[in-house]
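Could you put together the complete structure from these sequences and hints?
Under this note's numbering, read the sequence shown as residues 1 to 411, first letter to last.
Do not take every clue at face value.
Only pairs whose alpha carbons sit at most 16 Å apart, straight line, appear in this in silico EDC-like list of lysine to aspartate or glutamate [as the list claims (entries may be wrong)]: (1) 383 <-> 212; (2) 382 <-> 227; (3) 383 <-> 231; (4) 382 <-> 238; (5) 382 <-> 234.
Since the hints were derived computationally from the structure, they do not count as laboratory data.
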Amino acid sequence: MEPILFVIGEVTRLTDQVDGDASATNSNEELLPSQGSFLLPVATKRQIWFWCLTFLFIVVFLYVFRSILLPFVAGMALAYLLDPVADRLEAIGASRLVATFLILIVFVILFILALILVVPILSNQLSDLIQRIPDYVSRLQSLFANTESEWLKTLIGESSVNIHENLNTLLQQGAGWLSTLLGSLWNSGKALVDVISLFVITPIVAFYLLLDWDRMVGTVEGWLPRDHQSELTEIAGDVNAAIAGFVRGQGAVCLILGLFYAAGLTVTGVNFGLLIGMFAGLVSFIPFVGSILGMILAVGVALVQFWPDYTWIGLVFVIFALGQFVEGNILQPKLVGQSVGLHPVWLMFSLSAFGVLLGFTGLLIAVPVAAAIGVLVRYGLKKYLASPFYLGHGGGDVSGGTDDGSSEQQS
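Okay, here's the thing in structure tokens:
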């Protein structure tokens with residue numbers, strides 16, 4: 001954002017220096033390099049202020065209406081995700097109306113089946129896991145920090161009794177924090193998610209947006225300024241590529257990994273295998289984090305469940321190692337590509353920031369906004385590096401060389 005802020009600050013400074021001379025204002029002559037200043041055209045200033053104010057208006061609008069935006073944002077996200085499917089159905093001869101109707105019917109059926117079959121199992125496993133966490137931690141303590149573990153005292157320098165007491169204190173604090181967190185999430189979830197509006201309004205919004213998606217895109221493209229249409233279209237294409245590469249590509253990767261981990265752990269017989277596997281897949285949009293957290297949970301449960309049978313514990317390691325291999329060598333190159341322009345740190349910051357500002361709605365729009373900001377920052381940086389603000393009066397020599405002899409040789 002520094003180049004954009006720099007340009008805005010420079011515009012403000014130059015605007016304050018205008019002396020009101022009408023002849024100088026209306027002149028088309030460019031400032032000479034010897035004058036030491038680069039004055040932006042009035043039209044450029046107005047465009048900068050227009051887009052800044054537009055962005056500010058959108059932010060204020062989202063914040064003011066954040067409590068009712070969830071079903072509309074969810075419907076828009078659903079229409080965006082399903083638009084390629086509708087385009088393919090149109091390509092084989094179906095009308096847009098028929099394609100939209102079939103897609104939403106299939107999606108609603110699959111969603112209802114998931115609510116009936118999968119969600120209750122996950123809910124029961126989650127509640128059971130929360131109840132059995134103290135027992136699991138206590139049994140892990142008995143494995144690694146019992147009074148007979150002289151090797152632990154030699155390695156760490158603390159007696160097993162002290163380690164056991166510290167772990168008990170940490171467990172009590174963690175249990176209290178976890179119960180507080182879950183209660184807060186439950187209360188905020190009831191406040192944020194209006195079930196009736198989410199399940200009634202969202203399909204309707206998705207249906208109409210999916211039906212008119214291509215026409216809306218064409219209409220918006222027709223509103224673009226003629227002088228900058230190609231440039232703005234290119235920026236919009238980059239934003240769409242970044243969003244589609246992450247949301248569709250990375251979303252498919254997370255879903256496939258979640259199903260793989262859940263199936264593998266369930267077949268292995270690990271308790272809460274479905275819950276741990278789906279959680280590991282869901283968090284896999286952050287590189288290595290999903291697999292590491294899932295492996296820690298699965299190995300911890302397997303140690304308590306299968307100890308001292310090392311075969312099944314080792315099989316849990318194999319499942320996550322195989323998942324990482326498939327993700328890095330097959331899924332990521334095929335579904336996501338080399339780069340979608342979203343750094344994991346920037347993505348986590350966006351999710352946290354928009355989640356705090358707009359709640360669950362903010363989580364839905366965090367990825368598109370993060371992708372758009374990333375594209376705009378790269379575009380602004382490219383323009384800045386090619387502008388007189390960066391190049392100065394010397395022209396286009398950005399290599400840092402100032403030797404006259406080298407310049408003569410190049411010419």
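### Query
Holds or violated: residue 383 with residue 231, Cα cutoff 16 Å?
holds (12 Å)
### Query
Straight-line Cα separation of residue 383 and residue 212 no greater than 16 Å?
The given pair, whose Cα atoms are some 35 Å apart, is violated under the 16 Å limit.
### Holds or violated: residue 382 to residue 227, with C-alpha atoms at most 16 Å apart
Roughly 19 Å between the alpha carbons, so the hint for residue 382 and residue 227 is violated.
### Query
For the pair supplied as a hint, residue 382 and residue 238, is the alpha-carbon distance within the 16 Å limit?
Holds - the C-alpha atoms of residue 238 and residue 382 are around 14 Å apart, at most 16 Å.
### Query
Taken at face value, is the distance from the CA of residue 234 to the CA of residue 382 at most 16 Å?
Roughly 14 Å between the alpha carbons, so the hint for residue 382 and residue 234 holds.
Going through the hint list in order, the structure does not satisfy hints 1 and 2.
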